[in-house]
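Can you make the complete structure from the sequences, with help from the hints?
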Amino acid sequence: MARETLRNLRRNLTLTLASILTVAVSLSLLGIALLLQRGVSNATDRWQDGVEFIVFLEPEITDNQLGLVQGEIERSAAIESYRYVDQEESYREFNEDFFPENPEITQLVTKEIIPPSYRIIPKQLSAEAIEIVASGFETKPGVKKVVRATDEIQKIEKATDVIRWIVLGAGVILLGTGLLLILNTIRMAIFARRREIEVMKLVGASNSFILVPFMLEGTFQGLVGAALGTASVYGANRAFEEWLASDNVLNILQSFAVGAGDVWEIGGLLLLVGALVGSVGSAIAAFRFLDA
Amino acid sequence: MIKLESVTKVYKGEVLALHQASCDIQKGEFVFLVGQSGSGKSTFLRLLNKEEEPDNGKIFVAGKDIARLRRWRVPQMRRQIGSIFQDFKLLPNKTVSQNVAFALEVIGRPRHVIKTQVPAILDLVGLQTKMNRFPHELSGGEQQRVSIARAFVNRPLILLADEPTGNLDPATSVGIMRLLERINEIGTTVVMATHDRGIVDTMRRRVIELNNGEIVRDQARGVYE
Chain A
175 MARETLRNLR
185 RNLTLTLASI
195 LTVAVSLSLL
205 GIALLLQRGV
215 SNATDRWQDG
225 VEFIVFLEPE
235 ITDNQLGLVQ
245 GEIERSAAIE
255 SYRYVDQEES
265 YREFNEDFFP
275 ENPEITQLVT
285 KEIIPPSYRI
295 IPKQLSAEAI
305 EIVASGFETK
315 PGVKKVVRAT
325 DEIQKIEKAT
335 DVIRWIVLGA
345 GVILLGTGLL
355 LILNTIRMAI
365 FARRREIEVM
375 KLVGASNSFI
385 LVPFMLEGTF
395 QGLVGAALGT
405 ASVYGANRAF
415 EEWLASDNVL
425 NILQSFAVGA
435 GDVWEIGGLL
445 LLVGALVGSV
455 GSAIAAFRFL
465 DA
Chain B
10 MIKLESVTKV
20 YKGEVLALHQ
30 ASCDIQKGEF
40 VFLVGQSGSG
50 KSTFLRLLNK
60 EEEPDNGKIF
70 VAGKDIARLR
80 RWRVPQMRRQ
90 IGSIFQDFKL
100 LPNKTVSQNV
110 AFALEVIGRP
120 RHVIKTQVPA
130 ILDLVGLQTK
140 MNRFPHELSG
150 GEQQRVSIAR
160 AFVNRPLILL
170 ADEPTGNLDP
180 ATSVGIMRLL
190 ERINEIGTTV
200 VMATHDRGIV
210 DTMRRRVIEL
220 NNGEIVRDQA
230 RGVYE
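Taken in sequence, the protein lines are chains A and B.
To get our numbering, take the position in the first sequence, counting from 1, and add 174.
To get our numbering, take the position in the second sequence, counting from 1, and add 9.
What the hints contain is simulated information worked out from the structure, not anything from laboratory work.
We treat Cβ as the ideally placed atom computed from N, Cα and C, and that holds for glycine.
Keep in mind that a hint or two might mislead.
Stated by the list, open to error - Derived list of chain B stretches under chain A, where covered just means 3 residues or more per stretch with a C-beta under 8 Å from a C-beta of chain A:
#, segment
1, 92-100
2, 115-129
Stated by the list, open to error - Derived CB-CB ranges, DEER-like:
#, chain 1, residue 1, chain 2, residue 2, range
3, B, 179, A, 369, 23 to 31 Å
4, A, 180, B, 230, 54 to 62 Å
5, A, 462, B, 82, 18 to 26 Å
6, B, 36, A, 462, 38 to 46 Å
7, A, 180, B, 132, 31 to 39 Å
8, A, 344, B, 140, 55 to 63 Å
Right under this line is the structure:
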């Protein structure tokens with residue numbers, strides 16, 4: 175069966191290449207969209223889920239002061255919800271999310287000097303309403319600083335959101351094209367072998383015996399496309415990392431760096447999607463045109 | 010071995026291919042199906058192979074109601090039925106022995122079985138010297154022998170022949186009929202649709218005549234008309 179599959183792949187070389195390349199391009203777009211999403215979420219981790227401002231506390235805040243601030247937050251009618259992040263967690267976040275590749279920075283920082291904080295989601299999202307609530311905390315004893323989700327961060331998110339949706343949309347459309355191309359390749363392969371298929375049915379070859387080579391062929395195309403896509407995503411991330419490592423890059427972009435683990439995760443996902451697209455495309459072709 | 014109970018088949022809702030056809034064919038019989046083109050002979054054969062489904066009535070093959078066969082059991086059933094055609098349906102890019110071996114390969118027979126059975130069957134049909142020829146290098150009669158070898162290599166219980174001599178000259182046809190007779194003598198039930206008056210009249214076997222989809226005659230040791 176493997177031999178049959180290989181022979182089919184050769185017979186339809188141009189169409190096969192077209193399918194594989196389309197899948198590759200579409201999956202690299204999807205991969206880059208995912209990469210971007212990871213990067214942005216790394217960079218804006220603290221501002222997830224509608225957190226609009228953060229109340230940083232003095233690292234050496236007393237229990238009494240802490241209780242007062244907490245009471246204030248709980249009583250406030252303008253606050254939807256909040257989350258307390260202690261020194262332990264802040265320290266981890268600082269090391270892993272913000273400066274994962276910069277041990278020289280993290281070595282300078284110890285857990286004791288990192289402030290605990292409250293992340294606050296207000297009820298009303300207008301700038302004035304947030305300002306009123308946020309500034310109310312600035313003067314409380316034990317509060318070090320109140321940081322608002324600045325315009326900058328919202329701008330980053332909005333801009334990357336648009337880019338991400340465009341890339342994702344293009345990727346999905348191309349993936350659909352890839353599926354249709356695979357379907358068509360398999361249809362051609364079935365057409366090229368219609369005499370053999372007729373004889374196979376006549377002498378009682380099982381349906382799976384007839385189907386499987388075509389399914390394998392489609393899955394193979396999807397997988398090869400996905401492998402190429404994964405390679406280009408990996409390459410893109412490497413290029414970004416190298417660019418970050420060069421001197422003339424803003425420090426803030428460091429936090430966009432995506433770890434190797436994430437890249438492999440995305441690669442695995444792409445391979446899965448590729449195999450799925452390939453097998454679904456060929457299955458549709460096989461069931462429509464083999465009439466098994 | 011084969012039994013039809015008032016079988017009706019209508020194509021596209023209007024063309025009546027078979028109407029209330031009933032007959033009973035015993036194991037080891039040799040039956041000619043005669044009638045004009047479009048009288049339903051090919052439909053008769055295609056129904057037995059489950060290439061078509063009847064609109065009404067029941068069909069039994071080897072004691073089983075084939076309408077009740079599960080889809081995945083159909084290939085199993087077809088392994089008990091060999092089929093040959095007017096146009097041979099040989100694969101042009103395979104040699105004689107590859108064509109025959111193909112029928113065994115695709116039903117998963119082990120290689121050593123194929124190695125012994127293919128030469129044996131080619132010996133039976135008289136093509137042992139032409140094993141490595143391609144179909145286009147053979148005469149029509151020889152090509153039909155290859156297709157018979159392919160249909161019979163798996164030792165089916167039934168052989169369905171749809172005008173197997175339709176493309177052959179009379180002398181060659183006689184040779185093909187001898188071969189089919191031999192296969193019948195081994196115990197294989199043979200159902201053959203034909204227009205060949207000479208063959209039917211000389212062999213004097215059971216004749217079922219179809220006219221506009223109806224069985225109008227079923228005669229033991231019959232003639233063409």
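So, going through the hints one by one against the coordinates:
Coverage of a stretch by a chain is defined here by at least three residues with a beta carbon nearer than 8 Å to that chain's beta carbons; for the segment 92-100 of chain B and chain A the count is 3, and the condition holds. Using a Cβ-Cβ cut-off of 8 Å, 3 residues of the segment 115-129 of chain B lie near chain A, which meets the minimum of three, so the contact claim holds. Between residue 179 of chain B and residue 369 of chain A the C-beta distance comes to about 29 Å, which sits within the given range of 23 to 31 Å. Distance hint check: the CB atoms of residue 180 of chain A and residue 230 of chain B are about 55 Å apart, consistent with the given range 54 to 62 Å.
Between residue 462 of chain A and residue 82 of chain B the CB atoms are about 23 Å apart, so this pair conforms to the stated range of 18 to 26 Å. The supplied range of 38 to 46 Å is met by residue 36 of chain B and residue 462 of chain A, whose beta-carbon atoms lie about 39 Å from each other. For residue 180 of chain A paired with residue 132 of chain B, a C-beta distance near 34 Å keeps the hint of 31 to 39 Å intact. The supplied range of 55 to 63 Å is met by residue 344 of chain A and residue 140 of chain B, whose beta-carbon atoms lie about 57 Å from each other.
In the structure shown, no violation is registered for any of the earlier numbered hints.
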